Amino acid sequence: MENFTQHQRQVMENLELTIVYCPIEIQLKKVKIKKKKHYQLGPLYEFSGIDCIYNIMKLIKSITGNTPLIKISSKIYAKLETYNPAGSVKDRMITYVVDKARMFGKINETSILCDATSGNTGIALSMAAASLNLPCLIFMPGNMSEERKQMMKSYGAKIIEAPDNDFVGAIAMRDQYLKANDRAWSPMQFSNQDNVLCHQYQTAPEIHKQVIERKYLWSAFIHGAGTGGTMEGIRRYKEIQNLKTKLCLVQPVESPHGIQGIADGKEFLFNSEDADKIIPIKTQDAIDRAQKFAQETGILVGISSGANILASERYIENRLMSGIVVTMLCDRGERYMSIYGK
1 MENFTQHQRQ VMENLELTIV YCPIEIQLKK VKIKKKKHYQ LGPLYEFSGI
51 DCIYNIMKLI KSITGNTPLI KISSKIYAKL ETYNPAGSVK DRMITYVVDK
101 ARMFGKINET SILCDATSGN TGIALSMAAA SLNLPCLIFM PGNMSEERKQ
151 MMKSYGAKII EAPDNDFVGA IAMRDQYLKA NDRAWSPMQF SNQDNVLCHQ
201 YQTAPEIHKQ VIERKYLWSA FIHGAGTGGT MEGIRRYKEI QNLKTKLCLV
251 QPVESPHGIQ GIADGKEFLF NSEDADKIIP IKTQDAIDRA QKFAQETGIL
301 VGISSGANIL ASERYIENRL MSGIVVTMLC DRGERYMSIY GK
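Position 124 of the sequence shown, counted from 1, bears residue number 124 in this note's numbering, the numbering being contiguous throughout.
Do not take every clue at face value.
[What the hints assert, rightly or not] With a straight-line Cα cutoff of 20 Å, these simulated SDA-like cross-link-like pairs (lysine to any residue) come out:
1) 282 <-> 243
2) 277 <-> 243
3) 106 <-> 179
4) 244 <-> 321
5) 244 <-> 217
[To be verified] Cβ-Cβ distance ranges computed for the label pairs, FRET-style:
6) 294 <-> 178: 35 to 43 Å
7) 341 <-> 297: 17 to 25 Å
8) 294 <-> 321: 25 to 33 Å
9) 201 <-> 256: 30 to 38 Å
10) 63 <-> 214: 35 to 43 Å
11) 156 <-> 193: 24 to 32 Å
12) 294 <-> 110: 41 to 49 Å
13) 321 <-> 176: 17 to 25 Å
14) 242 <-> 320: 17 to 25 Å
15) 110 <-> 163: 26 to 34 Å
16) 156 <-> 191: 21 to 29 Å
Honestly, the hints are just simulated from the structure, not real lab data. The structure presented is a predicted model; accordingly, all values stated were derived computationally and were not measured. Ideal Cβ positions, reconstructed from N, Cα and C, are used throughout, including at glycine.
With the hints as extra help, turn the sequences into a complete structure.
Here it is as structure tokens:
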């Protein structure tokens, strides 16, 4: 900081970002050259076999979560989930569920990982499978963005497409595959209670702590539900902690709609009747808000993030609040460029 100008110091002091330090150990090797001490990076993981590969998954888990809580306006803050290793909030659930399955022996060196997904879970699962050197099979509706499909394929996953917008059909295809293949294992994201527990025990306390550190009251949590794991986890946490935080569910106006990642055809882990308020958002409005947010802040986020931001802005209109609302910036915008470019 000594070389910073006074203006730069002021900018740094006024930043509302939480600085996140990733607990990654780096092993150093000392190399003697001409009696001078030099250091070069040495490999932290030198392994072979499934037991050793799990340490790579452990590394991925260590850099998942603890994402920044950034200020969007005086009353709106958002978790920047793009900081996760595969770029979305789904990295939290997948690392949690896969690690637990590994510990209980449900995943081994012969396993095939699979699930039905609208995209982000598939990307996270593909990342996890690649880190474990395991094959991955993804069942998803055919009209999901091409960028999402390409990301999964880049991790080595194979994709089997269901009809457009048919998430129930994708789930049925996954279930049929699981019955026919003893080696297949799935996180079962739409029904697995560990999906909820991940957010109850990790995401919710993380948000609560960051809000308290800013000396604010957590007035509302505003978010769209795909599997419902995040919303249900937050709901359980606030009940246990006796928080008065309002739960606001973001829902698309259209059916079918184009806000990928939320309202995947039916309610799964979160009951919409448990929401204090439902905020309807049009697909094009969500797309426009996400693109405008990128131009305002330099942060390129996905369509559901645009919906969450817009819903949060509408929620605080003409409403006197003593605290702040928190929402989620669920994923990176690069996976929607074919849609944003239209």
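Going through the hints against the structure:
Restraint check: the Cα-Cα separation between residue 282 and residue 243 comes to about 30 Å, which exceeds 20 Å; the hinted pair is violated. Among the hinted pairs, residue 277 with residue 243 is consistent with the structure: their alpha-carbon atoms are about 16 Å apart, no more than 20 Å. With a C-alpha separation of about 15 Å, the suggested pair residue 106 and residue 179 falls inside the 20 Å cut-off, and the hint holds. For the proposed pair residue 244 and residue 321, the alpha carbon gap of about 12 Å is at most 20 Å, so the pair holds.
This hinted pair checks out: residue 244 and residue 217 have alpha carbons roughly 9 Å apart, not beyond 20 Å. A hinted range of 35 to 43 Å holds for the C-beta pair residue 294 and residue 178, which are about 39 Å apart. One distance hint, 17 to 25 Å for the beta-carbon pair residue 341 and residue 297, holds here, with the actual separation near 20 Å. Taken as a hint, the range 25 to 33 Å holds for the pair residue 294 and residue 321, whose Cβ atoms sit roughly 27 Å apart.
A hinted range of 30 to 38 Å holds for the C-beta pair residue 201 and residue 256, which are about 34 Å apart. Distance hint check for residue 63 and residue 214: the Cβ-Cβ separation is about 24 Å, which falls outside the suggested range of 35 to 43 Å. The supplied range of 24 to 32 Å is met by residue 156 and residue 193, whose beta-carbon atoms lie about 29 Å from each other. Restraint check, residue 294 to residue 110: a C-beta distance of roughly 43 Å satisfies the suggested window 41 to 49 Å.
Taken as a hint, the range 17 to 25 Å is violated for the pair residue 321 and residue 176, whose Cβ atoms sit roughly 48 Å apart. At about 23 Å, the beta-carbon gap between residue 242 and residue 320 stays in the expected band of 17 to 25 Å. Distance hint check for residue 110 and residue 163: the Cβ-Cβ separation is about 32 Å, which falls inside the suggested range of 26 to 34 Å. Against the hinted window of 21 to 29 Å, the Cβ-Cβ separation of residue 156 and residue 191 comes to about 26 Å, which satisfies the hint.
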